[in-house]
Amino acid sequence: MSSVGCNEFVAQMGSWMEGEREPAAQAHLAHCEACRSLAADIDAIQSAAPTLSVADPEPPARVWAALRAQLVQEGLIREALPPPKGERQPWLAALFTQLPRPALAGACLALLIAVGFGIRGPVSQWTSRAPAFPLSAQLDTAEQTTVSSFAGSNSAVSASLHQNLEIVDHYIALCEKSVRDEPQNDAAREYLYDAYQQKADLIDMITERGDSIQ
Amino acid sequence: MPEAEAIRLAQQGDAAAFERLYRLHSRRVYSLCLRMVSNVSEAEDLTQEAFLQLFRKIATFRGESAFSTWLHRLAVNVVLMKLRKKSGNETSLEQVTEPDDESGGPRRDFGGPDLRLAGSIDRVNLQRAVEQLPPGYKTVFILHDVQGYEHNEIAEIMGCSIGNSKSQLHKARVRLRELLHEAIRAKAREERKAAGTASGSSGED
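Taken in sequence, the protein lines are chains E and R.
All residue numbers for the first sequence refer to our numbering, where the first residue is 1293 and numbers rise by one.
All residue numbers for the second sequence refer to our numbering, where the first residue is 32 and numbers rise by one.
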């Protein structure tokens, strides 16, 4: 049986850790304390590694909200089919199942108020939609406050902020049109509340980012 | 909805199918991004970007590779591109390792019998050590040892050979070992210093 040196053993460590234990390598390990220590340590690292993923979180709901808005903007997804009852997004399902409609609207507003927005009147920049949706107007007002709070900050950030808000606003406008066209359609109303929730999430996210940027 | 059905419907633009695919894979992609950049906001942006690229290209997916492998390849590319932009270098994956690890010969600082890692590795110090790895090592280590991908899958995800994946993983583990040893030694020094300070203080009383 030919023996191996430390360099050869280290070069074969990958195979060794995968269970390929050549007799020559085993013989080397039997009398080399340094390589034994190396193998034991690598084994300990390999064993500990999976624990890193044990507490991995789900991405926050705003990631999907922003992604979906982008997909809508790019025309990559169809809006036609409403999700069946009980298969709504988990983060929205909790709101919809625990709260009646008026309470949901209140929850959205409470979220906005909680993140520190003042209500300072109508917004001219974002009011192309009909005023038949009071929650929409409240969101617009909160949005205006957020936009003004970014005045003078990084222009790239500001441009990105405007772009994302336009995407969500476009989505809301589509949903509001559907509700106007079919006022009795429950699915259309659910989509509209979904869109409002996405905008609330986006404004919340912008506020968090804004705090870290400024 | 099974994954294959969700892929088929997503290729036709079905919103629920997109969401289903996102729900199936977002945790692992977000986890990968989070470990690679160690910053929540950046990880969120990278996760969004990876899925956006996926959904833009989903019509071209023909099932030659596993869907998750394809998605992870996109995610890894997005993350590495971000890291390269941050560092200001247009470097290849081969170059995101440490030069002295490429010299061929093994390092001789294997550690003495008095310093073994077994029993002294916890999630916190291992995570800190992983954060200090060069991006190429880090990616392979996370994919293989943390997320459980096989070398053939990693080779496909990273666009490298299986041998290269194995080599990078080994170097990553050896580098982690050095970093963990350094952390243990630093902790021991701090404890000795603290003990010395405490005994000095008590001696003055």
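Since the hints were made in silico from the structure, they are not lab data.
On a predicted model such as this, the values are computed, not experimentally measured, just so you know.
Do not rely on the hints blindly, as some may be mistaken.
[To be verified] Okay, the calculated bits of chain E under chain R, using three or more residues with CB under 8 Å as the criterion:
id, stretch
1, 1323 to 1335
2, 1360 to 1370
3, 1430 to 1438
4, 1485 to 1492
[Stated by the list, open to error] Over the 12 Å line for every Cβ pair with chain R, so calculated as not near, a few chain E residues:
id, residue
5, Ser1295
6, Ala1303
7, Gln1304
8, Gly1306
9, Ser1307
10, Met1309
11, Gln1318
12, Ala1347
13, Pro1349
14, Glu1350
15, His1462
16, Arg1472
17, Pro1475
18, Gln1476
19, Arg1481
Backbone N, C-alpha and C define an ideal beta-carbon position, used for all residues, glycine too.
Hints, verified against the model:
1. 1323 to 1335: holds (count 9)
2. 1360 to 1370: holds (count 7)
3. 1430 to 1438: Answer violated; 0 residues pass the 8 Å Cβ test.
4. 1485 to 1492: violated (count 0)
5. Ser1295: For Ser1295 of chain E, whose nearest Cβ neighbour in chain R is about 17 Å away, the distance exceeds 12 Å, so it holds.
6. Ala1303: violated, 7 Å
7. Gln1304: Answer for Gln1304 of chain E: violated, closest chain R Cβ roughly 9 Å.
8. Gly1306: violated, 4 Å
9. Ser1307: violated, 8 Å
10. Met1309: violated, 8 Å
11. Gln1318: holds, 18 Å
12. Ala1347: violated, 8 Å
13. Pro1349: violated, 7 Å
14. Glu1350: violated, 5 Å
15. His1462: holds, 15 Å
16. Arg1472: Non-interface label stands for Arg1472 of chain E: nearest chain R Cβ at 21 Å, farther than 12 Å.
17. Pro1475: holds, 22 Å
18. Gln1476: At about 22 Å from chain R, Gln1476 of chain E clears the 12 Å cut-off, so the statement holds.
19. Arg1481: holds, 17 Å
Hints 3, 4, 6, 7, 8, 9, 10, 12, 13, 14, counting from the list given before, are not met by this structure.
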